[in-house]
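K.L.:
Listed here are the chains, written in short residue letters.
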Amino acid sequence: MGSNLFFNYFEATAVIVFGIGFTILFLDRNLIKKVIGFNFMDSAIFLFLASNGYISGRVSPIFEDGVTAAEHYINPVPAGLVLTGIVVSVSVTAFLLALVVRLYLRYHTLEMDEIVALSRKEADE
Amino acid sequence: MKQPSRNVARFVNWVEGEEVFPVPEEAERNQKPRKKKAPVKAKPASPEKEKRIFALVYDGISVVVCLTVILTLLVTVSWLPRFGGQDNPAENEVYIRYLEGELEEAGAINAVAGMILDYRAFDTLGESNVLFIAVCSVIILLRADRNRKTGALNIPELENRRALQPDDSIFRGSAALLVPIGILFGIYVILNGHLSAGGGFSGGAIIGASLILYANACGPEKFERAFTFRTYQWISFFALMTYTLLKTYSFYTGANHLESHIPLGTPGAILSSGLILPLNICVGLVVACTMYAFYSLFSKGGFGNGQ
Amino acid sequence: MNLVQNFPFFCIMLYLAGGVTCCVLTPKASRAVCIGLNLLVTALMAAALAFTVRSGESYVYLMGHFPAPWGNEIRIGPLETLMGTAFPLVMTLTLLGGMDHIFEDVEEDKINLYFTVVNLLMVSMLALVLTNDIFTGYVFVEINTIASCALVMLKYKSGKALVATTRYLIMSLLGSGLFLIGIIILYNITGHLLMEPMREKIHELYLSGNYAFPLTVTVGLFAVGLSLKSALWPFSAWLPDAHASATAASSGILSGLVIKSYMILLLKIFYRVLGMEVVLSTGVLNVLFVFGIGAMLFGSLHALQERDIKRMLAYSSVAQAGYIFAGFGLGTAEGVLAGCIQILVHAVTKPMLFSAAGGFMTVSGGSRQFSDLHGAGRRDILSGIAFTVGALSMIGIPLFAGFATKLVLTRASLATAGWKCVAALSAIVLSTVLNALYYIPAVALLFDKREAVHISGVKAQPSAVYVLSLTVFMALNFFVGLRSSLLTCILEAGLNVFS
Amino acid sequence: MNFGVVFLLTFLIVCAASVAMTKNLLAAVLIQMGYSTIMSVIWLVLESPDLAITEAAVGAGVTGILFFVTLRRIGLIGGKGGRKK
Chain C
0 MGSNLFFNYF EATAVIVFGI GFTILFLDRN LIKKVIGFNF MDSAIFLFLA
50 SNGYISGRVS PIFEDGVTAA EHYINPVPAG LVLTGIVVSV SVTAFLLALV
100 VRLYLRYHTL EMDEIVALSR KEADE
Chain A
0 MKQPSRNVAR FVNWVEGEEV FPVPEEAERN QKPRKKKAPV KAKPASPEKE
50 KRIFALVYDG ISVVVCLTVI LTLLVTVSWL PRFGGQDNPA ENEVYIRYLE
100 GELEEAGAIN AVAGMILDYR AFDTLGESNV LFIAVCSVII LLRADRNRKT
150 GALNIPELEN RRALQPDDSI FRGSAALLVP IGILFGIYVI LNGHLSAGGG
200 FSGGAIIGAS LILYANACGP EKFERAFTFR TYQWISFFAL MTYTLLKTYS
250 FYTGANHLES HIPLGTPGAI LSSGLILPLN ICVGLVVACT MYAFYSLFSK
300 GGFGNGQ
Chain V
0 MNLVQNFPFF CIMLYLAGGV TCCVLTPKAS RAVCIGLNLL VTALMAAALA
50 FTVRSGESYV YLMGHFPAPW GNEIRIGPLE TLMGTAFPLV MTLTLLGGMD
100 HIFEDVEEDK INLYFTVVNL LMVSMLALVL TNDIFTGYVF VEINTIASCA
150 LVMLKYKSGK ALVATTRYLI MSLLGSGLFL IGIIILYNIT GHLLMEPMRE
200 KIHELYLSGN YAFPLTVTVG LFAVGLSLKS ALWPFSAWLP DAHASATAAS
250 SGILSGLVIK SYMILLLKIF YRVLGMEVVL STGVLNVLFV FGIGAMLFGS
300 LHALQERDIK RMLAYSSVAQ AGYIFAGFGL GTAEGVLAGC IQILVHAVTK
350 PMLFSAAGGF MTVSGGSRQF SDLHGAGRRD ILSGIAFTVG ALSMIGIPLF
400 AGFATKLVLT RASLATAGWK CVAALSAIVL STVLNALYYI PAVALLFDKR
450 EAVHISGVKA QPSAVYVLSL TVFMALNFFV GLRSSLLTCI LEAGLNVFS
Chain G
0 MNFGVVFLLT FLIVCAASVA MTKNLLAAVL IQMGYSTIMS VIWLVLESPD
50 LAITEAAVGA GVTGILFFVT LRRIGLIGGK GGRKK
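Protein chains in written order, with numbering that gives the first Met the number 0: chain C, 0 to 124; chain A, 0 to 306; chain V, 0 to 498; chain G, 0 to 84.
Everything labelled a hint here was simulated from the structure, so no lab data went into it. Check the hints yourself; a few may be wrong.
Pairs of lysine-lysine, DSS-like flavour, derived with a Cα cap of 27 Å [what the hints assert, rightly or not]:
1. A:K221 to C:K120
2. V:K458 to V:K448
3. C:K120 to A:K48
4. A:K221 to G:K22
5. V:K109 to V:K27
6. G:K22 to A:K48
According to the in silico footprint, chain C covers these stretches of chain V (three or more CB under 8 Å from chain C) [said to hold, decoys possible]:
7. 128–141
8. 166–172
Beta carbons are placed, not taken as given, at the ideal position from N, Cα and C, and that holds for glycine.
Could you put the whole structure together from the sequences, leaning on the hints where they help?
P.N.:
What follows is the structure in structure tokens.
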């Protein structure tokens, strides 16, 4: 165990939420909850990433009054990466929800194991 | 700390006789009642019990997986550099140039916009294509099928189309107030992406949300007479194509060490920072249309007069 | 900079533009655009391959005006261009081989989207092969995930395909989640995203002993995340359903190309980001090796029990992916070489087998069950021959492509000492026997004189493109089998300048 | 360590855990939207206004709308069926 767990409380929160989201996505049987779990997992990763870029006592990297010295601003890299990540996350969410709608319209249930069981019984097209 | 309590809650539920994993109504409805009761009489509660034991085991596995992931990562976090420190490995020469050289090299007041649309633009190009392929997938999944013989669209659940227009004057009135403000604000966020917080994606999402609000309040028909599926396709085509071509030019000149001939302008002016403004407009256009398209496809499987 | 050096970059941009264009075209026009683009890219990448082989070096191509560690870049060497040539070529042939099925299985309104998805899938695979930036890798991994899932579910109104897509997507998302958090931990302790500066920093950290635990965890996260996506054996439960329920061309693309692009990314991360010292010190290669061996055996055992031709081929893909991981897991240069050769061998063989399976289904009333396929090879003689060639290649008969892998992998395992040598050699022998045990009966059944009576078998009327595709595939198979020394030379040169 | 920040972070964990435990899908979606809103406040705490505006527009706005439209499409909320349970 390292010494920084209580200093890194942002990261610690992020990995706890990541773990819960990961488990919901992996093992919960309800499809809608799986999608929500995916959203939790991704935004927890983004929280982890963004907290890497924060430097205490500095402000966001939007230049004011022409001051560009690096010691005034926080690191812009994580924010940019998170912005990319959020787009990916909303795209995947839409795709997953579309799949959920189609599966529900076909099998009339949202439980993954029932859907798998029902699809096994179907004949091949 | 959370997980044991979660397990305890489920265990308490189970002791109280509640089903830990409920069987959804639909499955019950599909089963014939006679069939469901017969085995229960023959072997009392045996399948129920089996299901419960299975559910408990499943629950146990979930908790174990969750705790393993969390504990491994927590130990990792405990070894990482301290939060907010000035000398962390991530605060190195890369970030210093992104801040100090940014105004001369990219010309954007918002350093994040300069970073994602100039220094690391390839990622962002990929990102807009993630959105594009997601909307393609949603179209594949949800766009109403065309009847192979008659060529007419099979739009499912027509009653939902009527449910889309609630007769609610308060809602309509507030929407009429909010939608123009939302759209204006979205445009502001897009056009000021290089000067202040925001940019193409967030501005586009705001416009998209306003359009969805409008469609929900006043009915989508009027709007979709102008905005058909075909229009949507062409807008995305032109925006993404412009984006790709602009970036091809910029990457090509960069890799071959040529002058890029794109004026950066005075930092702080609306027409400045080279390609960032046009790129933000392209992204904003795609995102606004895509968000509306998502809504439309999800709620009624297509838009614009049955197209 | 030489014009030829620009070609790989042009290819990426051409595919991006092509993907967007296919979205607004008619099905026929988008087919023409897609096939033409793939041929053009094959030609461009072949020119780049010739250039890099002649110079024997790899070069960095800036994506923008800023050098490392600020800008974004791709890196091009013999290995990357060889893969970059093989992928679009196999893609063209697979599409041509499965074209009739695409037009049957996909809804008419959505056929142009099929080609859009194919183009974007090619962008992502090309970018994963070429990229030199780990976060760009993540973005294109996501494009790859969505595109490959879209390919599975494009089959018209198939419930099984939908369910398979959902499982595939969920497993892939778990994999990308782990992969992304690995990237972030690395960024946190190195402060870089480009591969070269990252490796220098990691090497320093490794020597100084700082952050040893986070580094180990990161190696594990990358290995698990990417194995989930490339269907390494214990994580491969999603693969048979996804690959079997898609249309013929999609199955070929997914088995032959998509899972390979993740393996190349994993190789790149091991060599270029983490550095072999760190990877060897964590012992993750031993785990990959054991799983690879497990895949070779268990994949074949599952295939042996399968009564459905496409699922059998899908399980065979699990087994063949095991060869690649076993090669990587040996931890030597020869082992990696064997893995890379297997990537190419499997890419030219499995899509052919899936195309041939599609041909058999056409002449057997659309059934995939072996009980209905008696004599299908006699009704469709070309598919029968192609299937036989593919089967012999997968077993590893000399003259055919699969033999090259077995040869190089045997040589590589003889060069290592200890348990890995024994395990690898016995696994190769056992897996060859198992492969023969399911491929030979399948071929015998396809050429059976007693035809299945209960299905309406018809004589095949193969289209010209189908004939062309299978012929070229067979020729490629013999080429790889007979001239594997040429590939070995290029790959060796590529691996020398890879890291 | 700031008390307000700790409160916000605790809220995130509570949200995630309660979604894991709830059976009511509408509640789960609402919790997810609340989570996104809190997240956008946290982005402000971390001095990233770009992320805050994006998270508010996307996480709480568009994603929420998508979830609701999905639930309506499959008949769990709205319409004559009423919501499930």
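K.L.:
Run every hint past the structure and note whether it holds.
P.N.:
Status of the hints after comparison with the structure:
A threshold of 27 Å between alpha carbons decides the hint, and for K221 of chain A with K120 of chain C the separation of about 45 Å lies outside it, so the pair is violated. Among the hinted pairs, K458 of chain V with K448 of chain V is consistent with the structure: their alpha-carbon atoms are about 14 Å apart, no more than 27 Å. Of the supplied pair hints, the one linking K120 of chain C and K48 of chain A holds, its CA atoms being roughly 25 Å apart against a limit of 27 Å. A hinted pair counts as satisfied when its Cα atoms are at most 27 Å apart, and K221 of chain A with K22 of chain G does not qualify at roughly 39 Å.
Under the criterion of a C-alpha separation no larger than 27 Å, the hint pairing K109 of chain V with K27 of chain V is consistent with the structure, at around 12 Å. For the given pair, K22 of chain G sits about 20 Å from K48 of chain A by alpha-carbon distance, which is consistent with the 27 Å threshold. Under the rule that three or more residues need a Cβ within less than 8 Å of chain C, the assignment of the stretch 128–141 of chain V holds, with 3 such residues. For the stretch 166–172 of chain V, the proposed coverage by chain C is satisfied: 4 residues have a C-beta within less than 8 Å of a C-beta in that chain, meeting the threshold of three.
Violated hints, listed in ascending order, are 1 and 4; each of the other numbered hints is respected by the structure.
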